[in-house]
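K.L.:
As a plain string of letters, each chain reads:
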Amino acid sequence: MAEVRVTGRFVAGLSFIAAELAIIEVLVRTGWIRRALLPPPSDIARTLWEIVSSGEFLPPLASTLGLLAIGYTLSVMLGVALGLVMGVSRTCSDIFEPLLEAIRPIPKVALVPVLILFFGIDTTMKVASVVLASFFPVLLNTIQGVRGVEPTLIATGQTFGHRRLGIAIRVMLPASVPYILAGMKVSLGIGLLTTILAEMLSGTGGLGSLVLESQRSFKVRQMYSWLVILGGLGLLLNWAFAKAERRFVPWLDKYQKS
Amino acid sequence: MRTLTRRLMSRFIAGGVASSCLTGLAAPFVWAQSNMAKLRVGYVPVIDTTAFFVAQSQGFFKEERLDVEATPVLGGGPALSALAAAQFELAMATVTSVLLGAAQGFDFRIVTAVAAVGSGPPDEIAALLVRKGGGIKRGSDCQGKRCAVQLLNNLPWLCLRLWIDSTGGSSSKVSIVEVPFPQMSDALLGNRVDLVAINEPFLSAAIRNAPDKVEIAAWSISQTLPNTIVASFNATQEYLDKHGEVVHAFSRAYKKAVDWTVENKGNPVLEELISKFTRLPADQVRSLMVWPKFVKSVDPVSLDTMARAMQRYGLLKSLPDSALLIYDSARI
Numbered sequence: 001m002a003e004v005r006v007t008g009r010f011v012a013g014l015s016f017i018a019a020e021l022a023i024i025e026v027l028v029r030t031g032w033i034r035r036a037l038l039p040p041p042s043d044i045a046r047t048l049w050e051i052v053s054s055g056e057f058l059p060p061l062a063s064t065l066g067l068l069a070i071g072y073t074l075s076v077m078l079g080v081a082l083g084l085v086m087g088v089s090r091t092c093s094d095i096f097e098p099l100l101e102a103i104r105p106i107p108k109v110a111l112v113p114v115l116i117l118f119f120g121i122d123t124t125m126k127v128a129s130v131v132l133a134s135f136f137p138v139l140l141n142t143i144q145g146v147r148g149v150e151p152t153l154i155a156t157g158q159t160f161g162h163r164r165l166g167i168a169i170r171v172m173l174p175a176s177v178p179y180i181l182a183g184m185k186v187s188l189g190i191g192l193l194t195t196i197l198a199e200m201l202s203g204t205g206g207l208g209s210l211v212l213e214s215q216r217s218f219k220v221r222q223m224y225s226w227l228v229i230l231g232g233l234g235l236l237l238n239w240a241f242a243k244a245e246r247r248f249v250p251w252l253d254k255y256q257k258s
Numbered sequence: 001m002r003t004l005t006r007r008l009m010s011r012f013i014a015g016g017v018a019s020s021c022l023t024g025l026a027a028p029f030v031w032a033q034s035n036m037a038k039l040r041v042g043y044v045p046v047i048d049t050t051a052f053f054v055a056q057s058q059g060f061f062k063e064e065r066l067d068v069e070a071t072p073v074l075g076g077g078p079a080l081s082a083l084a085a086a087q088f089e090l091a092m093a094t095v096t097s098v099l100l101g102a103a104q105g106f107d108f109r110i111v112t113a114v115a116a117v118g119s120g121p122p123d124e125i126a127a128l129l130v131r132k133g134g135g136i137k138r139g140s141d142c143q144g145k146r147c148a149v150q151l152l153n154n155l156p157w158l159c160l161r162l163w164i165d166s167t168g169g170s171s172s173k174v175s176i177v178e179v180p181f182p183q184m185s186d187a188l189l190g191n192r193v194d195l196v197a198i199n200e201p202f203l204s205a206a207i208r209n210a211p212d213k214v215e216i217a218a219w220s221i222s223q224t225l226p227n228t229i230v231a232s233f234n235a236t237q238e239y240l241d242k243h244g245e246v247v248h249a250f251s252r253a254y255k256k257a258v259d260w261t262v263e264n265k266g267n268p269v270l271e272e273l274i275s276k277f278t279r280l281p282a283d284q285v286r287s288l289m290v291w292p293k294f295v296k297s298v299d300p301v302s303l304d305t306m307a308r309a310m311q312r313y314g315l316l317k318s319l320p321d322s323a324l325l326i327y328d329s330a331r332i
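Top line first, the protein sequences correspond to chains A and B.
The numbers in this note's numbering rise by one with no breaks, and the one at position 6 of the first sequence is 6.
The numbers in this note's numbering rise by one with no breaks, and the one at position 233 of the second sequence is 233.
So here's chain B without its partners, still in its complex pose:
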């Protein structure tokens, strides 16, 4: 009995020493992990988000001591709603959604730029696609026709109306309906709609699958709102007041990722990464017709242009203070 007790005691002591050693070995990792700022980020799994995933995969967030937990969401609207409900610390959205939310009293602030368009392809993300021989070349040809956008009262809808009105048509006399991106090609070819405002990668897929049946009537955004910021990562002012330094760290890592992305365009590593988070086959990524322009800052003038267009079509009653909407980390 005495031997058994002694054996048992020595086993306990050995176990205690072993676990202490293991804890000691693990301690630096645990300490490092607990010393990192946790960020829950809502993102939309589209090509615009490339730099975010570059920052993840290249370790730029870790270098800034950020533990980023990324959650995909269906769109910018739901992402911002989740941000308002404090489910995320940062959320990606189109700037139209941010401006709409700010106009309704939500304290959203732009903390980094995500994507912009240039003055034409390849710095573009969307096009207005029509049937070949359908007779639509300008806005004036859209009278009495049916056009489809993914979401009403958002950026594609806004750009469509701008294009129609600036090319001889009257957008108030055109029927605009919602069709999800994956179904736009079928709706167009099936004559259910006459024009679709379609984003990549669905644009390239539609043209690849029916090159003799569809054609591009116009480039959605770059022809109507050239050199404009399209999407951004956003936070609430309430979060920024308490954790501004965390957001600055995120911004530094993100800007590094933008540089890496721009330098590595065409690199198979980048294509594989995009393929992984968008779930597009790599060959489809390679054959995209247009790409968003990855930028590091938000110009208030660009935001004002967007806001004026939104006001013109009744989305905003008054123009917001763009300078107030852009946080330090996103300024030029």
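So here's chain A without its partners, still in its complex pose:
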């Protein structure tokens, strides 16, 4: 019964999208919307098919995904490590927190031109941009998770003879997983956004630079096609994250419902 309900909602959502596309198709073909600004969806679909079937999308997709993977992995590792240290140690928190609070409110995408000055326009700059942008949600959620661990769990760990480091790694870190995962989910979206922006500003490959290049050359159908591919990538990443969550942390669903 639940499956039928989910399928029904899925079909309703798809039908709505299809209806919107049909309306746009009619509006463009009858001249209500200028074709030069928004080609008919059928033309965009044709161009999208050409890009996908020829494999043209694979190298820029690989470039974008590779960049995101490196930057995201680094930001998660740094965020969890520093978050754990700051969550456990009051002294470390007192040292790092003022600096982090000063940097945190700055929109990280605004720092990309500054990073270009320091790192140039290559992979280092792009990775640095992604790390800087994606690091904070993981860090803050890790700190919150670690500080919110139930004292009973900590006491239990002590009963089993674990010292401070052991409790941090064997008790506090696993107990903070729901918070960390929430931060990682937010970071993934921010990381993709920053990757695309860094590619646009540096103009050296990837989906972001292709979108801008198409726009500058007035290749409107190609521009929309690349945007569809970008949207698909975002959906795929979200789905993959949810799948990985269910696979590696199966108890999370029950925990969140309780």
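FYI, nobody ran anything at the bench for these hints, they're computed from the structure.
Just to be clear, a hint being listed does not mean it is correct.
Listed below are several chain B residues computed to face chain A (Cβ distance under 7 Å; list not exhaustive) [stated by the list, open to error]:
(1) Gly77
(2) Gly105
(3) Phe106
(4) Arg192
According to the in silico footprint, chain A covers these stretches of chain B (three or more CB under 8 Å from chain A) [to be verified]:
(5) 80 to 90
(6) 98 to 104
(7) 149 to 158
(8) 181 to 188
If you're wondering where the values come from, they're calculated on a predicted model, not measured in any experiment.
All residues carry an ideal CB built from backbone N, CA and C; glycine is no exception.
Following the hints, put chain B in place on chain A, whose structure we already have.
P.N.:
Quick look at chain B alone, frame taken from chain A:
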């Protein structure tokens, strides 16, 4: 009570008479303003746009009953996109952007020339800058090197490839990356790139700041596409069909401004004006090495040359009809 009412009434009447007089005095100005054609123009704040600002400051637009509202944009591409979206009536862009847009079905038309290059300096706007002792003198020296342009698939990129291929090199074997103009000098001196295609005023600034470290390998445009139109003001055919006379008025004012600019080159008044709209210090304006050539019309042959070069490097699939792209107001 009766006195108060009478006093109040007389004040109302006095107020009414005063405002009528003021309205009457203002009426000619209001009428004149409403009688002027409004033009929203997108421009790129570079030296090429000098004549446009001369027309503004010398009142040539007002003489033609034009109320011009100027909006700076980052580049010709965004300007033309805004033109297509009817945010502007006229937009400045490089002719490469215009040709690219026309090839994709946008109904852009060139209405006035903005800047051209001659057969060499001082009628030039850009150069290929390299490190002294870096070993790059010709295109053949660029093999395996990294070159920087402000925008890929635009005029500097095109001219760079033409230069490399015409001086013994193969541009398809050279890595070309995008670097914003203000960062080109640092990228070159920091060995992140080996050659930059750099425009004024950044060219003069780079040489002034490091005269013993950088040198000019070639003049970007005049050595590859001599005597070519570089930038223009453009409108859509849709706008021209309805308001052709407004565009002709703009063109008349602009041509007057071009004459004034050419006559007053070196005049401190002109330098102050350029300093104001480009936000460059006046002494930097004075020390520019090269200046664009201000011209009043667009030669279709010049456009064809540009289009053929674009076709050679895959920017255009077919050659456009240059005569169709040039509106009456921009013809010789």
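K.L.:
Now look at each hint and say whether the structure bears it out.
P.N.:
We went through each hint and held it up to the structure:
1. Because the beta carbon of Gly77/B sits about 4 Å from the nearest beta carbon in chain A, less than 7 Å, this interface hint is met.
2. The restraint placing Gly105/B at the interface with chain A holds, with a minimum CB-CB distance near 6 Å, inside the 7 Å limit.
3. Annotation: interface hint on Phe106/B holds; nearest CB of chain A at approximately 5 Å, less than 7 Å.
4. With its C-beta approaching chain A no nearer than about 4 Å, Arg192/B sits inside the 7 Å limit, and its interface hint holds.
5. Against chain A, the segment 80 to 90 of chain B contributes 4 residues with a C-beta closer than 8 Å to a partner C-beta. That satisfies the three-residue criterion, and the hint holds.
6. Only residues whose beta carbon comes within less than 8 Å of a beta carbon in chain A count, and the segment 98 to 104 of chain B has 4; three or more means the coverage holds.
7. With 4 residues having a beta carbon nearer than 8 Å to a beta carbon of chain A, the segment 149 to 158 of chain B meets the requirement of three or more and the stated coverage holds.
8. Figure legend: the segment 181 to 188 of chain B, annotated as covered by chain A; annotation consistent (3 residues with Cβ-Cβ distances under 8 Å, at least 3 required).
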